[in-house]
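*Asks:* Construct the complete structure from the given sequences, taking the supplied hints into account.
In order, the protein sequences belong to chains A and B.
Here my numbering is used: the first sequence runs in plain steps of one and ends on residue 315.
Here my numbering is used: the second sequence runs in plain steps of one and ends on residue 552.
Incorrect hints may have been included.
[Stated by the list, open to error] Facing chain A, according to a computed beta carbon distance under 7 Å, are these residues of chain B, among others:
(1) L371
(2) A373
(3) R374
(4) T427
(5) A428
(6) N432
(7) V439
(8) G440
(9) R442
(10) E477
[Unchecked claim] Covered stretches of chain A, going by a simulated chain B footprint (3 or more residues, C-beta under 8 Å):
(11) 181-193
(12) 236-247
Everything labelled a hint here was simulated from the structure, so no lab data went into it.
By construction, the Cβ of each residue, glycine as well, lies at the ideal position given by its N, Cα and C atoms.
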Amino acid sequence: MSTSAPEKVTNALLSVQDVHADVAGQPVLQGLSLDVREGEFVAVLGHNGAGKSTLLRALLGLTPTKSGSIHLRGEDITSASTPRIVDSGVALVPQQRGYFENLSVNDNLSFGERGSGRITRADVLEMFPILQTRGDQLVGTMSGGQRQMVAISIALMSSPDLLMLDEPSVGLQPNLVDTVMQVAQRLNAEYGMTVILVEQNIEKVLQVAKRVAVINRGRIMLDQPVEKVTADEIWRLL
Amino acid sequence: MNLFIQLLLNGVVAGSVYALVAVGFALIFGATSHFHIAHAAVFSGAGYLAVIATQNLGLPGGVAAAVGLILAVLLGVALVRFLYTPLGRRGGQGFVLFLVSLGALVVVDNLFTINLGARPAQLSLGGWFHRAIPMGSWSMTVGQVALVAITVVAFTALLLVLTKTRAGKLITAYSGNPEFVEIVGRRPQRVLVLVYAAGSLFAALAGLYVAADTGMQPGLGETFFIISIMAVFIGGIGSVTGAFIAAMALGVLQNVLLMRIDAEWTLPVIFVLFLVLITVSPAGLSGLKLTSRRRPA
Numbered sequence: 078m079s080t081s082a083p084e085k086v087t088n089a090l091l092s093v094q095d096v097h098a099d100v101a102g103q104p105v106l107q108g109l110s111l112d113v114r115e116g117e118f119v120a121v122l123g124h125n126g127a128g129k130s131t132l133l134r135a136l137l138g139l140t141p142t143k144s145g146s147i148h149l150r151g152e153d154i155t156s157a158s159t160p161r162i163v164d165s166g167v168a169l170v171p172q173q174r175g176y177f178e179n180l181s182v183n184d185n186l187s188f189g190e191r192g193s194g195r196i197t198r199a200d201v202l203e204m205f206p207i208l209q210t211r212g213d214q215l216v217g218t219m220s221g222g223q224r225q226m227v228a229i230s231i232a233l234m235s236s237p238d239l240l241m242l243d244e245p246s247v248g249l250q251p252n253l254v255d256t257v258m259q260v261a262q263r264l265n266a267e268y269g270m271t272v273i274l275v276e277q278n279i280e281k282v283l284q285v286a287k288r289v290a291v292i293n294r295g296r297i298m299l300d301q302p303v304e305k306v307t308a309d310e311i312w313r314l315l
Numbered sequence: 256m257n258l259f260i261q262l263l264l265n266g267v268v269a270g271s272v273y274a275l276v277a278v279g280f281a282l283i284f285g286a287t288s289h290f291h292i293a294h295a296a297v298f299s300g301a302g303y304l305a306v307i308a309t310q311n312l313g314l315p316g317g318v319a320a321a322v323g324l325i326l327a328v329l330l331g332v333a334l335v336r337f338l339y340t341p342l343g344r345r346g347g348q349g350f351v352l353f354l355v356s357l358g359a360l361v362v363v364d365n366l367f368t369i370n371l372g373a374r375p376a377q378l379s380l381g382g383w384f385h386r387a388i389p390m391g392s393w394s395m396t397v398g399q400v401a402l403v404a405i406t407v408v409a410f411t412a413l414l415l416v417l418t419k420t421r422a423g424k425l426i427t428a429y430s431g432n433p434e435f436v437e438i439v440g441r442r443p444q445r446v447l448v449l450v451y452a453a454g455s456l457f458a459a460l461a462g463l464y465v466a467a468d469t470g471m472q473p474g475l476g477e478t479f480f481i482i483s484i485m486a487v488f489i490g491g492i493g494s495v496t497g498a499f500i501a502a503m504a505l506g507v508l509q510n511v512l513l514m515r516i517d518a519e520w521t522l523p524v525i526f527v528l529f530l531v532l533i534t535v536s537p538a539g540l541s542g543l544k545l546t547s548r549r550r551p552a
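*Replies:* Structure follows, in structure tokens:
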């Protein structure tokens, strides 16, 4: 199995060094290191249980790390609380239930609101026009695709510098997957937002991301710009 | 007919006490899924602390009641802040939290019993409290009318807070998806404190009324808590409106039954009816799991 060493990045927005973390007593992240520059679009690939979601949860302080360090703009956030990390400009769209289903769309967006206001409610509704007429609807009564749009919208309302998307295409129709990927790409290109996209859909990832990192058994096995890797090479590492 | 209406009025009074305890518990359980049995200690604590404030500190009844109310709310907040939350961080959930809560109830109850004895601890609010207000062939005391009015006002205020304010919506959000509250950068600890403070306020109001009316006794908190649990189950786990209506209905039923049976049998009959009800309509228990998340609306 061929592997590529992670690219060493200077002046990283996010720097993850030799992080170990357990889930339910089982080791999941086992010495994972990853650097992400400002304005990058990094896709993180890996099979189920490889540690992709755990990595995102550890970055947001939801899963405690056993060792290693996480720095955001040079500041150590390894043991910081989730609200503090969110205040620092990090937003996560979790794989499941990234919304309050017992509140309306408007209330959900309000709870996301914070930060610089670089992205306004109007911007978000322009990205997902279907939400414009659903402001008073309970999110729990919406379709899966619409809920995912709400989840991404909530994250965007905080105008994050770093947006982390955990498998946003799971369970979505193909046309909605395209919409979500286009929005992610646009946020990176137009707003300069740094994006970490955890995905299983390799073909889509190679279309939108600038860099690909492959996780296996809690470690980065490949970390390369997309133009230097092929889908076959990624498949071999999964 | 006159007797029936008088019993109906008495039932509304009893229902108001049950409703205050039940609504407070429904709010806490609906938002956090903690089976906070020490809610009974907050109820009795309010009464006992007010009595201590009059007997030991010589405070006037009204001031002592305010002191009891505040300290009981602080007791509820202290339980979540220094007991449930640290345990939760170390993985304590469901049954573990219930056992800890039960332990807290036993400790608090016994502390008061050691200090005040097993006799009813009566809070004296003055002669006005027991003064009768004639209503034709029926009557209520000023204290009873005040209780019903406070219950209705407090419940309406809670509904308004839950549905119209940001704090209320945060509680609703937390009840449905507690982890996501953290993901959007809110501090769950603050939500918990808010929920326990509001829930404890309701229980404390009921405890003060009982202490002023009949006197607080060891075990009384548990009795009212058990009835409030019935109301919460009947009304639908986590629904403060359901708990309020069910508690009122239980209070009225318990009193109206006096037309046919002796007082000591009313509660057992209600328990039997409750068992029959949940057997016939098990849907009312669908949210019984400690991990359930329901909207408190």
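*Asks:* Can you name, in rising order, the numbers of the hints this structure does not satisfy?
*Replies:* 1, 2, 3, 10, 12
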